[in-house]
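K.L.:
Now for the letters of each chain:
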Amino acid sequence: MNNPQLDRDGNLKHLLSIEGLPKRILNQILDTAESFVGVAEREVKKVPLLRGKTVCNLFFENSTRTRTTFEIAAKRLSADVISLNVSTSSQSKGETILDTVDNLIAMHADMFVVRHAQSGAAHLIAKHVPPHIHVVNAGDGRHSHPTQGLLDVFTIRKYKPDLHNLKIAIVGDVLHSRVARSEIHALTTLGVPEVRVIAPKTLLPSQVEKLGVHVFHDMEEGLKDVDVIMMLRLQNERMSGAMLPSSQEYFKTYGLTQEKLKLAKPDAIVMHPGPMNRGVEIDSNVADGKQSVILPQVTYGIAIRMAVMAILAGGSPLVPAGDAS
Amino acid sequence: MKIQIKNGRVIDPKNNIDSKLDVFIAAGKIVAIGHSPEGFAANQIIDADNLVVCPGLVDLSARLREPGDEYKARLVSELQAAVAGGVTSLACPPDTDPVLDEPGLVEMLKHRAKQQGLAHVYPLGALTRQLEGKALSEMSELHTAGCVGFSQANAAITDTQVLWRAMEYAATFGFTLFLHAEEPFLAAKGVAHDGEVATRLGLKGIPSAAEALALATILRIAQETGAKVHISRLSTAEGVDMVRAAKKQGLKISCDVSAHHLHLTEHDIGYFDANCHLKPPLRTQRDKEALSAGLKDGTIDAICSDHTPVDDDAKLAPFAEAEIGATGLELLLPLTLKWATEQKISLLQALGAITESSARILGIPAGNLSINSDADLCVFDANEYWKVCPDTLKSQGKNTPFTGLELAGKVKLTFVHGQIVYQQKT
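Chains A and B, in that order, give the protein sequences.
Start counting the first sequence at 1; every next residue gets the next number (the working numbering).
Start counting the second sequence at 1001; every next residue gets the next number (the working numbering).
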């Protein structure tokens, strides 16, 4: 089976999921992002790599943060950006995803950044578009959110450069989380020796250990001696019902407090993909505490998205794939 | 019209025949096999050298999409697909629009099918009105109109009281219930086997336990009521074990497996191949092996095509939103042959699962070459490979997980009532 994300020379063609991408590509993206971190601090926050290209943000599911960071990233690369909230326009008129895509292709879009509530939507679009068009998955159902996974490992690398010596815990609703799946694949591909997931059984997918993680149901055990704690967002609709009895009980058992944070290594960092539910999965004083790197995650998110788009739109001249460290 | 089919390898599982013999047909009936009847002067002699001559295939589950879903497929296209696949009799589930719960609808469908003069259509009536699982349909009336059994298609009966009454009522008249075993609450919104692949792809899973739980309920009530129950499209290893035990116990149980489940697993979904969005979901390698073993030892009686044509657009959606189903009538024979080759099963046994067994389950006079039976036959080349692609399929539904695959087993001629209804173009 062909890898839909790579072209025949093994270069990145679409970014659809972390799973299936070799280490050299992940490193290429991370290293390229490194060179973009400085761009935001310049007086002119722009590089001309995507000048004359049109990037189309196609959001079938609402998002503020991800859409905004993709928009900023594309603009800093000098691309023209169109953002469409399709959930509120054509889809409600009965147009199919591929109809929408075809219309935008007719308007000469060069790159699609896609978010959709169904797993596999980005793959479907990637299969459909002509070869010169690139697709970036900005989140599909529970499946994948690759730029989030990449920006998370980028952040970890900044604070803990030796990935080969880390214990990392991912805490919360893994079952419904595309972020968790992307993080797990990114971390295991890059050689993190111990990735843990901590959650009640109702929030873990079947055979999650096959993804290469250690499973814990108890925060005290799971957080012991970890270097990184990655919290997941708990969606409102899961807070009471058959998955969990209440948000209060969840906070008591799986919420990250200062007290529980002490179980991790003293220099452990705390991450969250946002938006946070303070007092549900994370206590405010942890979220705003000195071990939190939640805001740097957002900043690095722009560099990662710039790197992905630059590589897709003609290959970044900065770091060739294969030579990456 | 008298026809002699000579030099063919005649395989008739019901009569345990597998040898090079001539078949003699007169007035739409098989009049002799082997030696020519006295005074038989054939109007037409067909040379079937190097070909297999077997009973026309009997498919336990083929959706024809009429009435109501003609944009997906039409009676004529699907009946042409049937005979092109060597299928001369088929049972169609009642989930049409409107649902087959009215005798008038069944009569009309039978009538329209008969007009085509292609494969015989045996409707399965709705077991409950509108398939809602609440009120019983008029089974006796529906039977008179032509239904050979009663089914809920993919819908479940959640109320065990209703299921119990439905079995009791059907047992009163000796009707067979065709049930798909899937517990609807556990399976709700599920689109793939709840396991490794669904977890990786972020798809909502249907656990194997959904089949086991439904099966436990069905088998227990069947035991109490003495109803004849056929389990449609078994998918799990545990399910096979449960049916095996139930048969040993003496329950009137039979079951089938779809051709898809004999060959594919959850891993064939690959990168969200919507053609693998099937009901029940494709399961694990272990389940596939158990289904194969169950078919071999007779726990599973038959193979069905689960022919479910959908229009192309319906598959052009993210996996979970893509419509369930795949085309299958023209693949039933080659997929059965492929299974037999891989498992080293004789053609005689393998063809039994798509002729004699399925006819017995439906209680119809078909699926064999006994003297004086209707001359419904399939003549095929077991060694000729053909490539599955939209152009080579007659069905209006072109979607199948097997697209692009080369399969052995090419139907050359199909007879219904001694008439050639399909002949491969040369």
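Hints were generated in silico from the structure; no laboratory data involved.
None of these values were measured; they are calculated from a predicted model.
All C-beta atoms in this analysis are idealised placements derived from N, C-alpha and C, irrespective of residue type, glycine included.
Heads up, a few of these hints could be off.
What the hints assert, rightly or not - The calculated lysine to any residue pairs, modelled on SDA-like cross-linking and capped at a C-alpha distance of 20 Å, are:
1. B:K1189 <-> A:H164
2. B:K1204 <-> A:P200
3. A:K210 <-> B:Q1223
4. B:K1189 <-> A:K210
To be verified - Covered stretches of chain B, going by a simulated chain A footprint (3 or more residues, C-beta under 8 Å):
5. 1129-1135
6. 1189-1203
Claimed, not checked - A few chain B residues that don't get close to chain A, going by computed Cβ distances all over 12 Å:
7. D1097
8. E1138
9. Q1223
10. G1270
11. A1274
12. D1313
13. K1315
K.L.:
Now, for every hint given, state plainly whether the structure supports it.
P.N.:
Against the structure, the hints:
With a CA separation close to 40 Å, the supplied pair K1189 of chain B and H164 of chain A exceeds the 20 Å bound. For the given pair, K1204 of chain B sits about 18 Å from P200 of chain A by alpha-carbon distance, which is consistent with the 20 Å threshold. Pair hint K210 of chain A plus Q1223 of chain B does not hold up; C-alpha atoms about 40 Å apart against a cutoff of 20 Å. With a C-alpha separation of about 23 Å, the suggested pairing of K1189 of chain B with K210 of chain A is violated against the 20 Å cut-off.
With 0 residues having a Cβ less than 8 Å from any Cβ of chain A, the segment 1129-1135 of chain B misses the three-residue criterion, and the hint is violated. Restraint check on the segment 1189-1203 of chain B versus chain A: 9 residues with Cβ-Cβ distances below 8 Å, three needed, restraint holds. No beta-carbon of chain A is positioned within 12 Å of the beta-carbon of D1097 of chain B; the least distance is around 19 Å. Chain A leaves E1138 of chain B outside its interface by the beta-carbon criterion, the shortest separation being 38 Å against a cut-off of 12 Å.
Consistency note on Q1223 of chain B: stated as away from chain A, and its beta-carbon is indeed over 12 Å from all of that chain's, at 31 Å minimum. The Cβ of G1270 of chain B sits about 5 Å from the closest Cβ of chain A, inside the 12 Å cut-off, so the non-interface label is violated. The non-interface label for A1274 of chain B is inconsistent with chain A: the shortest C-beta to C-beta separation is roughly 8 Å, within 12 Å. Some Cβ of chain A comes within 12 Å of the Cβ of D1313 of chain B; the nearest lies about 7 Å off, and the non-interface call is violated.
In this structure K1315 of chain B is not separated from chain A by more than 12 Å, as the shortest Cβ-Cβ distance comes to only about 10 Å.
Violation of the numbered hints given earlier is confined to hints 1, 3, 4, 5, 10, 11, 12, 13; the remaining hints are satisfied by the structure.
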